[in-house]
Amino acid sequence: MAALVEIRNLSVEFQTARGSFRAVDGIDLTIEAGEVVGIVGESGSGKSVSMLALMGLIVWPGKVQADRLTFDGHDLLAMTPAQRRRIIGKDIAMVFQEPITSLNPCFTVGFQIMETLAVHEGGSRADRRRRTVELLGQVGIPAPESRLSSFPHQLSGGMNQRVMIAMAIACNPRLLIADEPTTALDVTIQAQILDLLVNLQQDRGMALTLITHDMGVVAETAERVIVMYAGQQVEEQPVDALFANPAHPYTAALLDALPERSAGRRRLATIPGVVPGIEDRPRGCLFHPRCRFAEQRCVDEQPLLVPDARGRFVRCHYALVDGEPTNKEPGSIRGEPQRETTP
Amino acid sequence: MIRFLVTKIALLIPTFVGVTLLTFAMIRLIPGDPILLLAGERGIDPDRYAELRTQYGFDKPLLIQYGNYIVDVLQGDLGRSIVTKKPVLTEFLTLFPATIELSLCAMIFAVLVGLPVGIIAGVRRGTIWDHSVMGVSLTGYSMPIFWWGLLLIILFSVNLGWTPVSGRISLLYYFDSVTGFMLIDSLLSGQEGAFRSAVSHLILPSIVLGTIPLAVIARMTRSSMLEVLNEDYVRTARAKGLPPVRVIGLHALRNALIPVVTVIGLQVGVLLAGAILTETIFSWPGIGKWLIESVHRRDYPALQGGILLVAIVVMLVNLSVDLLYGLINPRIRHRR
Ligand SMILES: Nc1ncnc2c1ncn2[C@@H]1O[C@H](COP(=O)(O)OP(=O)(O)OP(=O)(O)O)[C@@H](O)[C@H]1O
Ligand SMILES: [Mg+2]
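Protein chains in written order, with our numbering: chain A, 118 to 460; chain B, 381 to 716.
Just to be clear, a hint being listed does not mean it is correct.
With a Cα cut of at most 25 Å, we get these calculated SDA-like pairs of lysine to any residue [as the list claims (entries may be wrong)]:
| id | chain 1 | residue 1 | chain 2 | residue 2 |
| --- | --- | --- | --- | --- |
| 1 | A | Lys180 | B | Val625 |
| 2 | A | Lys207 | B | Pro624 |
| 3 | B | Lys466 | B | Arg677 |
| 4 | B | Lys465 | B | Val491 |
| 5 | A | Lys180 | B | Val614 |
Away from chain B, derived, C-beta distances all over 12 Å, residues of chain A [to be verified]:
| id | residue |
| --- | --- |
| 6 | Ala119 |
| 7 | Leu194 |
| 8 | Ser219 |
| 9 | Val250 |
| 10 | Ala358 |
| 11 | Asn362 |
| 12 | Ala370 |
| 13 | Gly390 |
| 14 | Gly401 |
| 15 | Arg414 |
| 16 | Val438 |
| 17 | Glu441 |
DEER-style ranges, computed between Cβ atoms [to be verified]:
| id | chain 1 | residue 1 | chain 2 | residue 2 | range |
| --- | --- | --- | --- | --- | --- |
| 18 | A | Ser266 | B | Glu572 | 49 to 57 Å |
| 19 | B | Ser512 | A | Ala308 | 33 to 41 Å |
| 20 | B | His511 | A | Arg185 | 36 to 44 Å |
| 21 | B | Arg505 | A | Asp397 | 27 to 35 Å |
| 22 | A | Trp177 | B | Ile382 | 43 to 51 Å |
| 23 | A | Ala150 | B | Thr507 | 36 to 44 Å |
| 24 | B | Trp509 | A | Gln271 | 35 to 43 Å |
| 25 | B | Ser537 | A | Gln182 | 54 to 62 Å |
| 26 | B | Leu704 | A | Phe228 | 14 to 22 Å |
It should be emphasised that the hints constitute simulated quantities derived from the structure, not laboratory data. All values derive from a computational prediction rather than experimental measurement. Even glycine gets a Cβ: it sits at the ideal position worked out from N, Cα and C.
Take these sequences, add in the hints, and give me the full structure.
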């Protein structure tokens with residue numbers, strides 16, 4: 118049976134005043150039914166843009182290209198916009214980062230949820246109303262009946278995010294994409310929303326793609342993890358293997374930045390430098406200016422996303438094993454960039 | 381809501397003082413004497429002149445005259461026209477429907493054309509559509525009404541003969557005024573062709589008067605639409621799988637309309653100012669034409685009263701726009 122979602126060599130380019138900019142560069146991703154996939158990476162690494170491309174939500178001046186983009190075996194790229202809209206919002210739904218601005222301030226939450234039902238499932242008005250109350254209850258909104266006529270600005274951020282989730286799961290999607298669903302919320306609310314998403318995923322057996330820059334969240338929820346850097350996928354592993362033995366130096370650095378992994382160190386590890394932007398995209402490996410294991414080869418030659426000796430997919434010439442680079446040629450050591458950590 | 385209303389109404393008081401003071405002073409700054417003008421070329425006997433001046437109160441110091449005027453106004457008395465001797469209020473009320481009819485048609489024209497055109501320009505930003513809409517509306521905005529009106533008359537009335545040059549209805553038809561609105565009265569009269577004639581008389585003046593509001597509405601709609609289309613909730617609407625018509629026509633437009641409604645309200649003042657010129661060009665028997673004639677005759681009471689009433693109308697319209705604004709913007713409605 119075909120995978121639920123198959124993405125091959127997906128890229129998204131934005132036409133800007135200073136030339137075109139690749140926000141997403143050659144993503145390969147397979148999502149099986151009922152699976153939880155985490156996508157992690159720093160801000161600007163193209164996590165949102167790649168999922169928006171899957172949803173078909175990239176608008177001008179963005180341009181989407183892919184060798185293959187399928188949902189349940191259907192080629193999304195070959196579909197007409199109308200055909201694609203029958204899948205979007207129904208079979209693939211998305212929850213966004215900013216709950217308050219993501220809901221329309223001019224319409225009640227009841228209207229906004231019922232509208233989704235009306236477009237995809239039809240049915241009578243009373244039916245939709247009943248379903249909406251049910252959904253609001255399922256996402257943990259107290260007194261759902263009385264919330265139907267509330268406007269988004271009358272609810273808290275956490276409540277708005279619950280409304281967004283109710284709207285997304287309204288038509289029983291087979292894939293739910295949650296784009297940093299908790300970033301804009303209070304810490305206490307964050308855990309509740311994550312629990313809610315995971316519970317919904319398990320109850321309904323839907324696939325969940327969780328975008329986050331929080332490795333801790335990934336550890337708790339995801340089964341498989343995609344690590345993105347500067348629009349590229351740099352590593353993909355099952356979550357346990359990734360945490361036990363990160364293959365890409367960037368993943369290793371992200372994990373080092375976790376407080377629970379910094380036992381015995383006085384300061385948290387940080388990664389020097391920033392994600393390259395449109396102007397300063399380096400040659401070779403995009404991560405090499407910030408990589409403490411970088412060699413001359415990393416400057417000259419762009420690594421591909423291929424399985425290493427242990428079968429892990431990683432975009433690195435010298436994939437790490439137990440924190441040490443492998444298959445290095447002797448005598449080619451470049452000066453190590455300093456780490457900004459105090460031992 | 382009540383506090384909101386009270387503040388708005390309290391703000392009307394300084395406006396009232398300003399308007400009365402300004403019209404009172406401005407009229408008297410124009411050289412010319414109403415009584416001498418009334419007498420015409422034959423001139424007037426000095427005794428009779430003095431008598432009339434006392435009768436109208438023009439012999440008193442200006443401050444006293446203003447005080448008397450205000451006292452009268454507060455009692456609801458706007459005085460009588462020097463020329464027709466009829467109460468100013470009566471004159472105003474007979475002529476006002478003609479101006480309302482014209483302004484309303486102009487506004488409907490401006491909204492019906494301006495909104496869709498602004499939406500298209502916003503949605504198709506950067507395309508030839510956008511550029512032509514913006515170019516044409518800038519031209520429309522800077523077009524002097526007088527010149528624009530004459531241009532249209534020459535083209536459509538004189539050269540093509542499609543529309544009449546002036547007035548509200550052809551002289552072939554006569555019936556008593558019931559509502560004061562020619563479109564309605566002509567229908568009520570039951571006379572064949574009367575309605576058609578009334579419509580054809582309205583077309584050119586409405587276009588001329590509606591041109592500036594149209595340009596303003598189109599530009600405002602475009603920029604408001606551009607802003608709203610980048611909002612997260614528009615992306616959410618698309619993520620729900622809604623068709624573009626619904627995403628733009630409902631989710632985006634509903635939000636984009638909020639500033640546009642304010643602008644439409646502000647255009648009412650512009651419209652009444654424009655009506656003065658338009659009515660003069662098309663000999664449209666409304667308030668505008670009447671005010672211009674009153675200026676020529678230095679009919680002080682008619683001018684003072686007329687301008688005050690127009691100002692009150694504008695203020696009332698703006699007040700209702702403020703209320704409407706709360707109605708279409710839930711975030712304001714629920715704020716106490
Ligand atoms: N409409 C657009 N036009 C131009 N560039 C864009 C556009 N949308 C996104 N980008 C660029 O694409 C890159 C990737 O953005 P994206 O939103 O996917 O990052 P992200 O990984 O989701 O980051 P964050 O954690 O901040 O959400 C960024 O550099 C961003 O500036
Ligand atoms: Mg993002």
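Status of the hints after comparison with the structure:
At most 25 Å may separate the alpha-carbon atoms for a hinted pair to count; lysine 180 of chain A and valine 625 of chain B meet this at roughly 22 Å. For the suggested pair lysine 207 of chain A and proline 624 of chain B, the alpha carbons sit about 16 Å apart, so the restraint of at most 25 Å is met. This hinted pair checks out: lysine 466 of chain B and arginine 677 of chain B have alpha carbons roughly 15 Å apart, not beyond 25 Å. The suggested pairing of lysine 465 of chain B with valine 491 of chain B is violated, with an alpha-carbon distance near 40 Å, which exceeds 25 Å.
The hinted pair formed by lysine 180 of chain A and valine 614 of chain B meets the criterion: a straight-line CA distance of about 19 Å does not exceed 25 Å. For alanine 119 of chain A, the requirement that its beta carbon stay farther than 12 Å from each beta carbon of chain B is met, with the minimum near 22 Å. Separation of leucine 194 of chain A from chain B is adequate, the least Cβ-Cβ distance of about 17 Å exceeding the 12 Å criterion. Not every CB of chain B lies more than 12 Å from the CB of serine 219 of chain A, the least distance being 4 Å, so the non-interface label is violated.
Every Cβ of chain B is farther than 12 Å from the Cβ of valine 250 of chain A; the closest lies at roughly 19 Å, confirming the non-interface assignment. No Cβ of chain B approaches the Cβ of alanine 358 of chain A within 12 Å, the least distance being about 33 Å, so the stated non-interface status holds. Even its closest Cβ contact with chain B, about 37 Å, leaves asparagine 362 of chain A beyond 12 Å, as expected for a residue assigned away from the interface. No beta-carbon of chain B is positioned within 12 Å of the beta-carbon of alanine 370 of chain A; the least distance is around 31 Å.
The claim that glycine 390 of chain A is not at the interface with chain B holds, since no C-beta of that chain comes within 12 Å of its own (minimum 30 Å). At roughly 35 Å, the least C-beta separation between glycine 401 of chain A and chain B is larger than 12 Å, which holds for a residue marked as non-interface. Annotated as non-interface, arginine 414 of chain A keeps its C-beta farther than 12 Å from every C-beta of chain B; the closest such distance is 41 Å. Listed as a non-interface residue, valine 438 of chain A keeps its Cβ farther than 12 Å from every Cβ of chain B; the least gap is roughly 41 Å.
Against the 12 Å criterion, glutamate 441 of chain A stays outside the reach of chain B, whose nearest CB is about 44 Å from its own CB. Between serine 266 of chain A and glutamate 572 of chain B the C-beta distance comes to about 52 Å, which sits within the given range of 49 to 57 Å. At roughly 54 Å, the beta-carbon separation of serine 512 of chain B and alanine 308 of chain A lies outside the given 33 to 41 Å, and the hint is violated. Between histidine 511 of chain B and arginine 185 of chain A, the C-beta spacing of about 39 Å keeps the proposed range 36 to 44 Å intact.
The hinted window of 27 to 35 Å between arginine 505 of chain B and aspartate 397 of chain A holds, with their beta carbons roughly 30 Å apart. Distance hint for tryptophan 177 of chain A and isoleucine 382 of chain B: a CB-CB separation of about 47 Å, consistent with the stated range 43 to 51 Å. The supplied range of 36 to 44 Å is met by alanine 150 of chain A and threonine 507 of chain B, whose beta-carbon atoms lie about 42 Å from each other. Against the hinted window of 35 to 43 Å, the Cβ-Cβ separation of tryptophan 509 of chain B and glutamine 271 of chain A comes to about 38 Å, which satisfies the hint.
Range check, serine 537 of chain B to glutamine 182 of chain A: Cβ separation about 58 Å, and the 54 to 62 Å hint holds. At roughly 21 Å, the beta-carbon separation of leucine 704 of chain B and phenylalanine 228 of chain A lies within the given 14 to 22 Å, and the hint holds.
When the structure is compared with the earlier hints, violations turn up for hints 4, 8 and 19 and for no others.
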